[in-house]
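A.B. asks: Listed here are the chains, written in short residue letters.
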Amino acid sequence: MFKRLLALLVVVVMSVSLLAGCGGGGNTNTPTNTTGAAESTGATGDTITIGTIQPISGAISAYGTQSRDAIQMAVDEINQKGGVLGKKLKVVVEDDENTPEKTVNAFKKLVTQDKVIGIIGALTSKCSLAITKEAQQRKVIMISPSSTNDTVTDAGDYIFKACYNDSFQGPSVAKFAIETLKAKTAAVMFDNTNDYSVGLKDSFKKKFMELGGTKVVEESYATGDKDFNAQLTKLKASNPDVLFISDYYPTVSLMAKQIRNVGMDKVVLLGGDGWDEITNNAGDEVVGSYYSNHYAPYSDDKEVKDFVSKYQTKFNVVPNALAALAYDSTYILADAIQKAGSTDPEKIKAAMLETNKKFVTGSIKFDPNTRVPIKAITMVKIEKDSSGKLIAAFGGTINPQ
Amino acid sequence: MKKNRIFNAVVILGASVVVFVILAALQYIGVIDEYNGQLLTLSGIYIVVALSLNLITGFTGQLALGQAGFMSVGAYTTAIAIMKFHVPMLLAILIGGLVAAVFGIIIGFPTLRLRGDYLAIATLGFGEIIRVLMINLGSLTGGAAGLKGIPAFSETENFVLDAVIKFSWVYVFAVITIVIISNLINSSPGRAIISIREDEIAANSMGINIAYYKIFSFTLSAFLAGVGGGLYGIYMGYLNPTMFGFMPSMNIVVIVVLGGLGSITGTVVASVAFTYIQEWLRVFKDLRLVIFGLALILVMIFWPKGLLGNKELSISGFLRKLFKRENNPERTVSQQNGSREGK
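Heads up: the sequence lines are chains A and B, in that order.
Heads up: the first sequence begins at 1 in the numbering used here, then just goes up one per residue.
Heads up: the second sequence begins at 1 in the numbering used here, then just goes up one per residue.
Don't read these hints as lab results, they were simulated from the structure.
One or more of the hints may lead you astray.
Some chain A residues judged to face chain B by a derived CB distance under 7 angstroms, without partners named [to be verified]:
1) 57
2) 113
3) 126
Just so you have them, the derived chain A footprint on chain B, three or more residues with Cβ under 8 angstroms [said to hold, decoys possible]:
4) 139-150
5) 229-241
Quantities reported herein were computed from a predicted structural model and do not represent experimental measurements.
Quick reminder that beta carbons are idealized off the backbone N, C-alpha and C, glycines included.
The shape of chain B in the complex, shown without the other chains:
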């Protein structure tokens, strides 16, 4: 068991480094141009945010529609921390995540008793409250006009290098998020969380503290969404409350459902696909969004459980099969970096 874990860790680290080096090098030598590199970076941000929602919706089974609200809290906190208090960027992103997590606890408590559509409406309301709050805290957030001049990840004049630096920041956070979620799901609290999704009453009667695990999942999800928001703010260099309204929240839900509820690999694939396909369709000019909408509908018709259902792609599992290692004990839900190469 322990041997397996070390093997997994080495494979994960190795795979993420290899993928990173390949993608960064391709960007640096210009095979992936700045436009595509930018989309790759944006996909990475969506991976962080969509995974955070998948934790609540896919693994805990709670329908939440206000993820952009947490993102907004994280984005504004990070931006304000950097601009007004000159906090180092990494710390600012974490602060953004923590403040979002506080909101996660605040919203988690009263909504604990809500289920299904009631929770959905409560979180939807939360997203709107945050949006209105950001508009009305004019002196701090720039109000409806938005917050301008957020420092970028780097101020280099070399645009190619700049793109690579942006990508590196986001990539690291995306990998960390994937590792956090996959390790959580395979841990005892993670199993408890999944049991809540499967049957709340049964889980309760088995002695699982539902309230605790729901708040835990809400808080972690809010934290990750806040971190994603922080990255988004720095990446965009400009924040406006409308960037975190109802539609952005729904876009994240679409990514999660498209990838498959409860599939980390699926979310990663769908985040990349969601970002890229919308841009590729630019060749269709006016029909772009029509085709995109149709594509989504077709996916839902032919893969009603999302692209990957709740399956996972696992490099370590794959390698084990390749080297015919014995005792592959569980259906591994451990590693999914492989899908990043799918670009």
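Bound-form chain A, shown alone:
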């Protein structure tokens, strides 16, 4: 009995890891350029090696594989234009499975075996936080494309990020709600077991009240909850103008349906960058909602249009915001190396701070103290196109205060 149970459990775990592996393996557009052995050091010979740490397998491999493809695309473009400092740029991709432990392993491999001079990653804040201290100690330039947690860059002056902080995102959505949507009362749903969700909710609530909102009611749940009717019924009683859902798209898609079912037909749904990809996952009930994001793929902006069309031709999918950020991160790093005129990390670091250019996700300039970009936030409006498909349309920008 006991042995059989154990055997069953082990088989389950194995199957899970198999499936997790498939998440990453499903993408046929595997970059071909990344299997190089560790023979070349970061800067000698005729290549410059950078590394990236992405969740290629595991629950969020959809983000990781898109980011990886975007980085590879950027590197190929740069090499076509002659590379960096006259040398070819090479990127080594490592998987972190979205766990801090594997992130540390991948970091060690990149730094000691591949001898990379810079690292793009990691994707999630918890993975980035596990390596920032060591990146700083070893003077490895690290630029996280999408770790929005405020404390990621605290470890020191070698740590950068290409996205804004959570503490900027929440207030921006609040500002949008008050100024553009003329909201007076708000309701908030958040996951109290998730740091991203809690942080976003707090900053939204604070700013909303500061800007003249009259009331914010909040209800919470835990990661993995599927039924929100009890909380939503309570929120309905307060009849809010807007409902801010501080979570990722899978939960939001589930919740949106229940929101309409309990009879909150008119309330405008708002969200943060965790909603990215919602257009592929939710139904009509989210049409007319707004969320803050790093870019809107259907915007008329020239950089965005170029990037989306190139990515779409190559990989046959509309790139998500994390892919855009990863693409930008590659260019920011490559530009800095070029500007520094050498692969000396100290010079690259200084050149990074001078970044001031328009990228796909907006004009980027680093705050010299936090090394977080000062850039406008994009509000995305969910619309339905003529074929009945949901698209992420451009809904406005909010400039940094």
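Given chain A, put chain B in place with the hints provided.
C.D. replies: Structure of chain B alone, referenced to chain A:
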């Protein structure tokens, strides 16, 4: 008998020192680079934690699925003791182990009457409770965002030396854990524990206090897992409740089953293999975890009892045979450091 024991002790000490010197020297001169050295250190932590689970699952015969929960208690306690109360590192790790042991007693009592799948579910629940607790004790544990800035084993700027120091700490704890478990198993309480695994009713009728030995084994296991957790926290420098969820618990179960239930050598070999193979497979890029999963399945098909079943590798036994010493009285379950050279 006494002569045998002294011989064993000398051999164990000698072998562990020799293995340590070799591994540390290879790291220091760079034959084992920092990346591989890091994996060696990580393997050592897994040896401590997996052995703690083997004590419950392999030797006591109780299926427990919440080992990462004890690890989490130890890790957070150690980290908080060092950061908030400036307790010396060694003491902090022991405190972490003790607090985890207290949890071991707390969980041990009510689950005593549970067996097999019921106990598995209870321990699984425990692991989840701990995870949620760590998320909600925000002011102490950093909540869902995690605990940052845990001081490292050393603050030296020399990265090679730093790796060797990390390795030394973990190595010492791994050897101590191996010695504790192997001595326990060969002692009278250890035999009692094994008898519980073989047949609870028979053991009871032979006058063995099942309740006592189950709690004893649970508590010691929790202590060791807590120590492993403490090492893990300092080694990582960052803690996050998701690092100790369901999957990490299952990974430890996989190591124990892979090595062989009730084999210390097996657990040691499997801990090292589990850590290394996942990393070696990085050359396969996207197919990495697919291949890893397949490898695990193949092992279970061809070695259904795990890599070593319940056999042990014994250096002293080996030496005795080599020197043709007489009276090798028992099937020695005493020494297994030899397998560490398998790297």
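A.B. asks: In ascending order, which of the hints set out earlier in this document are inconsistent with the structure?
C.D. replies: none
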